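Residue numbers (my numbering), protein chains in the order written: chain A, 41 to 186; chain B, 41 to 186.
Calculated directly from the structure, the hints in this document are not laboratory data. For clarity, every value in this text was computed on a predicted model and none was experimentally measured. Be aware that a few hints might be false.
Same chains, same names: a pair is fine if it fits in one copy or spans any two.
Listed below are the simulated BS3-like cross-link pairs for lysine-lysine, each with C-alpha atoms no more than 30 Å apart in a straight line [stated by the list, open to error]:
1. Lys80 - Lys170
2. Lys95 - Lys177
3. Lys49 - Lys166
4. Lys95 - Lys183
5. Lys98 - Lys113
6. Lys80 - Lys166
7. Lys49 - Lys113
8. Lys98 - Lys177
9. Lys49 - Lys177
10. Lys172 - Lys49
11. Lys147 - Lys98
12. Lys47 - Lys177
13. Lys170 - Lys49
14. Lys49 - Lys146
15. Lys146 - Lys172
Protein chains: 2
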Amino acid sequence: MTIRKAKTKDLPGILRLVHELAEYELAADQVTATIDDYQKAFQDNVFDALVAVDKDGKITGTCIFCITWSTWKGKMLYLEDFVVDRHLRQSGIGQKLFDATINHAKKLHCALIKWQVLDWNRPALKFYEKNKAVIEKEWWNGKIYL
Amino acid sequence: MTIRKAKTKDLPGILRLVHELAEYELAADQVTATIDDYQKAFQDNVFDALVAVDKDGKITGTCIFCITWSTWKGKMLYLEDFVVDRHLRQSGIGQKLFDATINHAKKLHCALIKWQVLDWNRPALKFYEKNKAVIEKEWWNGKIYL
């Protein structure tokens, strides 16, 4: 298993994992972005990703992120999706991907990494607690669809 | 009062408003990003902003945002800070800035705008409800400072 920066050819495998995570989050029907959308945005550097790849070249995990701005702290890596293939949970791939994402953020001189987690997702919360993350419960999300 | 894209010379006025909002959010001591950080990141296109400017050229409000990626919906304008000078609340500047931000997101072909609001910030929640925003309460934030 290797971890590396994503390439355009990885996008179908990445989108498959996005769908898998959305299903786990009971939101499968909410994924409307298409592979064409992914390809265009990836070329335009709207997002970037790290991938875990097995010896057969299959994408087994991904961290999808954007470089953003914390008005309080400065440059921030926003981790939009972090997902490991459901058949490979507890295998250590997640920790390796997460560590690689932290290292990538450090290399880019980010002041912090931020992400969101559903309040009922105990396994994810346990993982983040193990990684000494700060968990904030007092912020709500606002959204307007255009 | 005019609303326009931010320029480098606006950054001190923008950072002043960031400090003002952080104070309101009981987090004044958490703002560690400096004007130098702001200037470098703005030049590097890490973030962008709209500003409201009064007839004397003073920055009276700002929406600070990043163009990011929703793995579910596609291109997303993430509104990191939205603040109006405390002496000018209820003057309509906020609504004009918010409308301009929505228009800007549409022009960039974003699928949605997203932001966060503190669960006790009733005036902000009322404003967002008036604007028919979806408010989600089930997501927690995770953070690791680097």
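Open item on the list: Which constraints among the numbered hints does this structure fail? Numbers only, ascending.
Closed with: 1, 2, 3, 4, 6, 8, 9, 10, 12 and 13
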